[in-house]
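Respectively, the protein sequence lines represent chains A and B.
Using my numbering, read the first sequence as starting at 1 and increasing by one per residue.
Using my numbering, read the second sequence as starting at 1001 and increasing by one per residue.
Hints in this document: simulated from the structure, not taken from any laboratory.
These numbers come from a predicted model, not from an experiment.
Hints are all accurate, no fakes.
Computed list of lysine-lysine pairs in DSS-like fashion (alpha-carbon distance at most 30 Å, straight line):
no. : chain 1 : residue 1 : chain 2 : residue 2
1   : A       : K61       : B       : K1179
2   : A       : K304      : B       : K1179
3   : B       : K1317     : B       : K1179
4   : B       : K1402     : B       : K1378
5   : B       : K1378     : B       : K1466
One-sided and incomplete, this derived list gives chain A residues near chain B with beta-carbon spacing under 10 Å:
no. : residue
6   : G49
7   : S58
8   : L207
9   : E214
10  : V286
Don't be surprised by glycine CBs; every beta carbon is placed ideally from N, CA and C.
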Amino acid sequence: MNPGMVERYIEKKPCAAGQTLLPAVFRLLLGIAVLTVIAGAFVSTYGAGLAIPDWPTSFGKIVLLYSPIGGIPFLPAAPWEVFLAQAHRFLGLLAFGFAVVGLILCWFTSPTWSVRMAAVVAVLAIGFQVMVGAFRIWSGTPWSAKLLACSAPLVLVVIFLSTEWVTSRSRRQATLPRGTNRSARTFWVAGFLAGWAYFQIVAGTQLRHGGPTESPYWFLFWVWVHVLSGLGLGIGTILAAWFVNVGWPGDPPRAGTASLRILLSGVLVPCQVVLGGATWLSRFGVPRWFTDYVASWHLTLESKAPLEILARTSHAVLGIVILALCGSAVAWSIWGDVGEIKTD
Amino acid sequence: MSAGQALFCLLALPKGFAYPGKADPRQDVRKDCFLPKAKAGLTNRCLRLGSNNQLAANAGGWTRAVRSLWDSVRFGRLAPSGPDLLKAEASAVTSCRIGTEVGGCWRPQGGLLLSLCSVFLFVFGCNTQRQLEFPLNLEGRDPAEISLLAREEATHFLEELFGTPDYPRVPPGVSLNEKWLQMASGEPSWQADERGIPSWPRGLYRQHCSLCHGIAGDGAGPAALIMDPYPRDFRLGIFMYTSTIPGAKPRPEDIRRIIVEGMPGTAMPAFRNLAPEAIEALVEYVIYLSVRGETELLILQAILDEEEPLPLSFPVKERLIQEDLAWIWEQWSLPENFPDRYVVVPPPPPPIASQADWEASVARGREIYLSERAQCAKCHGPEGAGDGEQANELYDDWNYPKRSPTPAQTAERARLYTLPLRPLRVRNFREGVFRGGSRPEDLYLRIAIGLKGTPMGGVGPTPDSKGALEPEEIWHLVHFVMAQAGLGPPAR
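Looking at chain B on its own, in the form it has when it is part of the complex (with noise of 0.2 Å):
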């Protein structure tokens, strides 16, 4: 619905109603005709009607000219400049119906019908447009400093390398499966094999995913906003809820674990329902959109910060090609290549043989969480309520460049971005929701490695740091959550 349409629509609406300026005396026609009262008035009011006519046909010359004009383009015909009255009262008693021509009088259909279509519009809007195109990442960017040429050309490269949203491609250096791409792109079909028979589908991702996430992966789908967190933004490359050390891109296992088991506590729904076929064409999307919005982001840069003389030079396309993105697609490479160097597998628990192990366990865990080495406390706070002396105050990744310094200062930043800023909610291990999943394992994830894209950082150990703390002690912080969210001592 494009601000042209909706001015149309404001325009257009009164005319079926408030035609010639003053209210339309059929209507009065219409309900005698309407209801079965006594017809024997009804020619006097159409020929009363015709008294209407006749003083507008005796109306200054310039009233007239105005009038002809909006006739011949209601009827394609100059209208009668008076009514035949004698005809007037013979036809209202045979022609008596909502909106028929009494003689010389005006028909209602015409404003009616430019009525309709300006609803039509408003409801409906024109958009004719079947092939779609993945809008520009301008996000945080003032779109009038932005030029028509910066914006052709960076729609361009990105779609020379990455294709569209109903046709993708994938681009030199980068190793996706296109089946899985036509697969998870384009409209929500399914293709025939040569013998006619419908044997895979087509258009995955926009028949369960874009609602929330956007056509192009960006979190701001048309239900973005009844949401609470918003859907994620893959374009920054970040995703919370991994198995790989602070900084890693996820596994497709980890992305296909969301969507299989969902997120409780959020709108991401478990797609269990799906076949594996289709969970594999959904991850290798949300991969492609990401390393999409990423090298989107560095030609961006390029292009606006830069200043990188348009139309963009060989040299310049082949380094981004060659440098940024084979860099990008090098880090979703790595926990695949090197897992025992990027991927974190939560050890063995320590032995729970009974009840007063249990009770230690949560005990000591209860130390490590108020200590100032885990530092938990300061967010969750001290009962893991989520009520810690920080809890106001933070922000995620996909947020925090919406903040200014002042409040009116982030009012007016809130131009430049499409959802408004929202805080992180902040953990209340009572209620017993876990987003990224309430295993054992998972707790011991999260604490271990953190929340990437928000202030949770991880605590365990990486082959790069000794962490804050050992292994046995997240386990016993872990089972101090579960305790506190009521979960009791895992299974033996």
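Isolated chain A (complex conformation) (with noise of 0.2 Å):
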């Protein structure tokens, strides 16, 4: 490591207010953005992602937020549809102010320019992301649908690693030094996590958002990928966490960030194996390949059941944290930790 890249970290202090405030609004930022995430997949859940049909106006009028119950003031009610519809573009759009007002503070507070382009990286994800949202009410086609829900968890990692970059790096300007306890490691096992997660996020999109003249035989062949690919990931991420936090025997120990986030993905993964489970059962029944073995099960669905609605808006959710904390597992095995575990 160079020396002189310390001494120039040293040297530029940066505003006392800056410190606190910066990393303040990344993290509403992180919090409004995963509320966001939140809305649209109960926007998907619900198949309310055309509910209003125009963009950026709500039915030709500019409308913030509406309520799905009446009476309240200056918010017009509206079916429940259509308030999920708008309040996921409220969240967006707040997320997205949020972001610039963070821009805003770096340039202003922050004397370091990775900081600040941190803050222009989330500024330009959530509006990328917007402007695909804005082209799924335009086009209305099935593949838009797609495309933006496979869109949204790369911008949410984005947004993640930027809140724990500014944050990260407001913490260790003044004082602390680079970090040095870089992990190859981890960053192969991390990246090989992450890149399955995204790969499970798509294929779970052909079957959230399949069209309605998809091929049967299509539907069918991604159900197959998601669920073994799915399963997999499950045993795959539990061995990774015990291959990065353990090891072999004789190897040192080792626990950082980015191990860590393994860890956590490797106890969320099952999970979600579960919650695609749970999915499955209450939108489809029984699999067919299993009815012969359970169908004295007295199982009637319910559309739209509490159930229904938990399991697939929580499968989404946490698919995309998950390829969150991949996502920031590799980013932390570059960036470095601080502290006094060796690397390998």
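Hints are included, so try docking the two chains, each in its own frame, into the full complex.
Below, the structure written as structure tokens:
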């Protein structure tokens, strides 16, 4: 590592107010982004993607937010699907606003170009997602819905990493050197898991946003891909969490931010597999390959029942969270941790 | 996803990773740049990269020509024929990033972009068509033997009569509520009134039903293959669980009940949470799809089997509308117009005052069950476990045409159908799952009317026949089935 780089970091002390306000803004941004993702998952669960047929207006008017129940001042009443769609738009707009505020704060409070770039990237990512969402409304085709669903996880990962970068850099700017604990093992493991997790999201998008004229064989193909890949990912993440955090006998101990992210993924992915099973059961009933064995279930499905809503929405959101964790692990394995743990 | 798209993806994908026919030497450069190893070797690697390029520059004339053409596509210009190694060394230190051009080295972005495009096309497809069309019902027909003119004529005539999935029409002589059809059709969205307030929904069928039942109600929606039984194909005009006599169409009330209560043991959910108007819209749309489907069969019969000259003449079209379509709609109207004749209402059951009465009724029901008059045991088995001697050879009307005398012929015939052949699963009463409902009245109707479209015929009296069993005997049979299912005596 070049010692001159440390000196450069120490020399340029940022303004004190920016040290606390900037991370706070980005953490708020991350929270709103997660809420936007959750709202988006509700939108697709309820099939409300095109509930409002125009953009950026709503039924020709400028409306910030609707209310699902009447009688609330300043909030016009609207059906549930319309409320969901508008809430999703509102949260996206809020996230964009916070990202812009964060960018302005960066420019005036943070001297480090990387922090500024992180803010720029966050603004661009959210702006991109907004445009994809607008395109979804304008085109109305199933593939635009799939595109929106596939880009949203990547945008959240970008916001997550930007937030981590801004908060960690702000914390480290004045006193701490750049981390040296980088792990190639963790990098490759996390990278592989992140890629696999994203592939799972893409496969799930095929099922969740399939058009009505798609072939049943195409749907079945993605069902097999999604289910088998999900089971593999569940086992693989557990093994990866062990491999990265414990390793083989004789390996030096390792525990850093990246490793802990993978450990958390190892806990969440099996939960995601369970949620996937609940999603299938609540939506399609007992899979036909098992009806000979469990046909005695007195199972009458109910459309939009609380269990179905909870399972489908949680399944979508948790998949994105897992991707964000794996992406963060990749980033931290490159940035390195500040700590006492040795690398391999 | 078409075959053309798949072929394009398969051909395009390797381009990003196999240019120019060997491993991209920049992989090593990227690895060294990405992870903090000593950068001393970096310059040497870039130089070696440059020397590879030099080798390429010295390649034969035809290789250079092909490569230049490829470069003109990727870069929009001809690439330099050899690297400036001094520039390569200088730029390697400062611009060591993924995918940056180093001197005259090849850039992988073009191939990467091509690979990403191919993956994008494979995953998302490129169907930009927003307005959907009803697919033609060519089940059981060899598509290769149907001319384009015949398809277009049938499609065009059907569109004239019934519209499209986004803009349905009510044909002449058919009384369907257009407002409800508008609500059920199209993309799921909300429509605003004059004040801009969202007031009524659209796209209910596509939102709730098309994933399983398909855009045309053909029962071959995207999720059809993961379900057992298959979703109902409305186009034959046959519905299993009705309250009308055998051979008659269902009442709207029968369809409404299935939508609201669902079907236990199947993937058909209960839509209790929908607003009443939404349910009425879906009922109307199901009837619309059924009428359209039956009309389509008759039109295709006229074009393909009767070989009417194309384009269809006005008299032929008039005959199809005034006679065939009118007959189809008349069948749907009969149960509503003549309920006494077409609707079966279960009579009051025999009184069950005590446990002894119940057991006596069950015992009597078992006798009837095993008798030759009812012939229940042949399929359902002696104990109602669905293991009768004929249980493995039964098909419904949707699957029966897919069969052929030999398994090889059946496999050959399968290519003419969207969904593979699937036999009927004879009901095992002990599971306690009855798809048409488990109330005593529901079971009475199943026995009296039968399951339309299946080998289970009705045994109850109709206006045209005495039937195999008397109503009281049917009730004893119902009690026997309930006892086998563990349902116990009905509430008094």
